[in-house]
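Read top to bottom, the protein sequences are chains A and B.
According to UniProt numbering, the first sequence holds residues 1 to 186 in order.
According to UniProt numbering, the second sequence holds residues 1 to 547 in order.
Honestly, I wouldn't trust all of these hints.
[Unchecked claim] Quick partial rundown of chain A residues pointing at chain B, CB under 10 Å, derived from the structure:
(1) D133
(2) D137
(3) L165
Calculated from the structure, these hints are not laboratory results.
Note that the Cβ used here is the ideal one computed from N, Cα and C, for glycine as well.
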Amino acid sequence: MELTRRDAAAALAALGASGGVALGARVAADRSRDGDPGEDPEADGTASDDETVRETLTAVASVVYPSDLAGVDAFVETFLAGRLDDSAHAAGVRETVAELNHLANSWHGAPVADLDAADRDRLLREVGADAADEDPDGTTAERVRYYVVNELLLALYASPTGGELVGIENPQGHPGGAESYQRGPP
Amino acid sequence: MSGAGLAGDERSDVDAIDRTPVPDADVCVVGAGPAGALVADRLAGDRDVVILDAGPRFDPADRLARQERAIRPSYGRPDVWDVGGERDAHESAGDRYYPLNHARVKGVGGSTLHWQGMVMRLHEDDFNSGSERGVGPDWPIDYADLRPYYAAAERELGVAGASDNPYAPPREEPHPMPPFEPSYSDSLFAEACESLGIDMHSVPNARNSEPYEGRSPCVGYGTCQPVCPSGAKYDATVHVERAEERGATVIDRAPVERLEHDGDDRVTAAVYATPDGERHRQTADAFVVAAGGVETPRLLLLSASDRYPDGLANGSGHVGEFFMDHLFAGAGGTLDEPTRQNHVGFYTSACDQFYDEADESRAPFKLEFFNYAGPSPVESALSGDDWGDPLRDRLRSEYGNHVAMGGLVEQRPDADSRVTLAGDRTDDRGNPVPRIEWTVGDRALDTIERANEIQVSILEELGADVEWVAGPDATGPAYHHMGTTRMSDDPDRGVVDADCRTHDLGNCWIASSSVFPTSGAMNPTLTIAALALRVADGVEARLSRGT
Ligand SMILES: Cc1cc2nc3c(=O)[nH]c(=O)nc-3n(C[C@H](O)[C@H](O)[C@H](O)COP(=O)(O)OP(=O)(O)OC[C@H]3O[C@@H](n4cnc5c(N)ncnc54)[C@H](O)[C@@H]3O)c2cc1C
Ligand code: SF4
Numbered sequence: 001m002e003l004t005r006r007d008a009a010a011a012l013a014a015l016g017a018s019g020g021v022a023l024g025a026r027v028a029a030d031r032s033r034d035g036d037p038g039e040d041p042e043a044d045g046t047a048s049d050d051e052t053v054r055e056t057l058t059a060v061a062s063v064v065y066p067s068d069l070a071g072v073d074a075f076v077e078t079f080l081a082g083r084l085d086d087s088a089h090a091a092g093v094r095e096t097v098a099e100l101n102h103l104a105n106s107w108h109g110a111p112v113a114d115l116d117a118a119d120r121d122r123l124l125r126e127v128g129a130d131a132a133d134e135d136p137d138g139t140t141a142e143r144v145r146y147y148v149v150n151e152l153l154l155a156l157y158a159s160p161t162g163g164e165l166v167g168i169e170n171p172q173g174h175p176g177g178a179e180s181y182q183r184g185p186p
Numbered sequence: 001m002s003g004a005g006l007a008g009d010e011r012s013d014v015d016a017i018d019r020t021p022v023p024d025a026d027v028c029v030v031g032a033g034p035a036g037a038l039v040a041d042r043l044a045g046d047r048d049v050v051i052l053d054a055g056p057r058f059d060p061a062d063r064l065a066r067q068e069r070a071i072r073p074s075y076g077r078p079d080v081w082d083v084g085g086e087r088d089a090h091e092s093a094g095d096r097y098y099p100l101n102h103a104r105v106k107g108v109g110g111s112t113l114h115w116q117g118m119v120m121r122l123h124e125d126d127f128n129s130g131s132e133r134g135v136g137p138d139w140p141i142d143y144a145d146l147r148p149y150y151a152a153a154e155r156e157l158g159v160a161g162a163s164d165n166p167y168a169p170p171r172e173e174p175h176p177m178p179p180f181e182p183s184y185s186d187s188l189f190a191e192a193c194e195s196l197g198i199d200m201h202s203v204p205n206a207r208n209s210e211p212y213e214g215r216s217p218c219v220g221y222g223t224c225q226p227v228c229p230s231g232a233k234y235d236a237t238v239h240v241e242r243a244e245e246r247g248a249t250v251i252d253r254a255p256v257e258r259l260e261h262d263g264d265d266r267v268t269a270a271v272y273a274t275p276d277g278e279r280h281r282q283t284a285d286a287f288v289v290a291a292g293g294v295e296t297p298r299l300l301l302l303s304a305s306d307r308y309p310d311g312l313a314n315g316s317g318h319v320g321e322f323f324m325d326h327l328f329a330g331a332g333g334t335l336d337e338p339t340r341q342n343h344v345g346f347y348t349s350a351c352d353q354f355y356d357e358a359d360e361s362r363a364p365f366k367l368e369f370f371n372y373a374g375p376s377p378v379e380s381a382l383s384g385d386d387w388g389d390p391l392r393d394r395l396r397s398e399y400g401n402h403v404a405m406g407g408l409v410e411q412r413p414d415a416d417s418r419v420t421l422a423g424d425r426t427d428d429r430g431n432p433v434p435r436i437e438w439t440v441g442d443r444a445l446d447t448i449e450r451a452n453e454i455q456v457s458i459l460e461e462l463g464a465d466v467e468w469v470a471g472p473d474a475t476g477p478a479y480h481h482m483g484t485t486r487m488s489d490d491p492d493r494g495v496v497d498a499d500c501r502t503h504d505l506g507n508c509w510i511a512s513s514s515v516f517p518t519s520g521a522m523n524p525t526l527t528i529a530a531l532a533l534r535v536a537d538g539v540e541a542r543l544s545r546g547t
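Chain A on its own, in the form it takes in the complex (with noise of 0.2 Å):
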């Protein structure tokens, strides 16, 4: 199945493009606020810039997306570039982007983006993302899950296409309309 734009851009009429999020974010956007003023994240290395980001989560949906989607590129890079905006939510995700590649750096040597399908698996799983509950302030583990995988599956999975992989073609999350409850199976 293709992913399309279309399906980026209703996973963003889904969750939102931008600040509202920061409502789900606030301790990231606390711990922007109480560092000193003149402290660069992205330039102290504890946030990675967004091209950073987007490869990053683009390697990471091959690992998390299934095998059999077309499209995956296209469509993570159009949903990030309407969610990495100067919310709290985008900062958490820089943030632990930037710990997620400084992990992948030391345990593997290479960035995320640089590591093969079977390496960025096994970094996932080494973090604990696999077995970890979400939990924006919650520990490395958590936040990856949150952030990272989590932000992906959500995306894909409020999409009409992530819907139809698995037999919803207007999930929840999807204004797909009030006409789609009174059909039956295709």
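Got chain A; can you put chain B with the ligands on it based on the hints?
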């Protein structure tokens, strides 16, 4: 995580808003849920109205983010609308735990921000439960008294419905909007019900089946409960905003801590707190308490004075007593064919056939055919320990063939089921928190079993593997708080009279399901809305008479 700490703190203008009292107000309404909002809207324009609400004014732009909270597993239901923390502390001390913070929202719009929006009229016998069923008192009003107000309430909320329900009470006009069409799974249930001789019919929704008064039709987000991002589901911000346009003043984050009175048995002021730590006194000629079925009795109890040592309007001693909710009865399972669930978050068919068989030992109950049985794939995707192809395969196998039924059962009013003030626990302002002792009697528990029998027979007829039954042991509340300031003509037996005016204080009304003497088994909010419109007329009549 606890949401209350987050409550709107992101709004930098919190402290800049003027929260001082309105001079020369005619009417002060406590609570901006549907009851308070409808009263305020009906009176605004002709009267100077001020609404005080304990919670914040939520930013409509945040609704998608709240929807994300509804889907993401790290947030509990109360977090979606920032319920919890010290502001909302409470005690549960009865036979059964009462999860109060799952059952309400504080803020402009009240609990309708979270509600599901199913809106039925009570049946005629519900108003005469004592004489018709031998249970509890009769209401001092009849269905006929409320009937025009029900019709008005349906227009105000915007109700989509049909007149195909042979068990519903008589109605004079069609619903304001056409009903939602039955779901695909309804069509499966219909065959099973037909062979069992069980009637299915449509169900009224406070949700737009077509554009209504400038609001969107339903677009199928599927997260109705706890948040509708499109505004197709009615919530009380509709009437709060309209009241404001007509001149009413809304003061948010202004919990009323006590009502003051004079020596002539009139309420003189609502004393409220503001986020800057100040306390203010809002005076008015008339007061309408619309703080929901738990906070309303709490406020009356908190307002005890030398003249009223047991709490305001509590000459009967019944404030806080007879706390009732509707009990959930349900069953579900799987079929060996697709059932197409979780496209929308509301149901489209119900069965009221058994409702009026109620008597002393059998409570009224209704049955619902769910459109959201089993897991929602996007939610399950976020909480497994798998990803990639194994996750896709798990979601495929989990989703697709679930069916379920729900139902609501009346509970008998019981003085020992009650809301009081906690002995030593206080909220963020130092006021005793509500203590809920919720008890459920045998009539309700036996009726849950009866509902389960019918549900299981329908599911079996459908060919389902029945995988769960929510019976007497697994039942829970439907989050409808009723009975705690009951209505009666007799000042010894009730807190308010037939006009919902308190017996003890001439200028104080209560608009809430707290006035229900018995609860029936229908979701309460249409009745709350009808009573609120009637209260507004009563207040207006008194004000114009100058009494
Ligand atoms: C999950 C859920 C699903 C529901 N589904 C349905 C349904 O399908 N159908 C149905 O009919 N009903 C449903 N309900 C119930 C429905 O939401 C309530 O019946 C309705 O909102 C009650 O209206 P109200 O105005 O009396 O109180 P509320 O809506 O609770 O509003 C009370 C307001 O008063 C304010 N307040 C409280 N104390 C004070 C104080 N001291 N000072 C100032 N303000 C105060 C609160 O902040 C709040 O905003 C549901 C409820 C929940 C939680
Ligand atoms: S399905 Fe529910 S949440 Fe979605 S638009 Fe309709 S009413 Fe709103």
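Restraint: L165(A) near chain B, CB-CB cut 10 Å. Satisfied or not?
Given a least distance of 6 Å, the restraint on L165(A) holds.
Do the numbers back the hint for D133(A), that is, is its least Cβ distance to chain B under 10 Å?
Nearest chain B Cβ about 7 Å off; hint holds.
With chain B as the partner, please determine if D137(A) meets the hint condition of a C-beta pair closer than 10 Å.
Check passed: Cβ of D137(A) comes within 7 Å of chain B, closer than 10 Å.
Violated hints for the displayed structure: none, as all numbered hints are satisfied.
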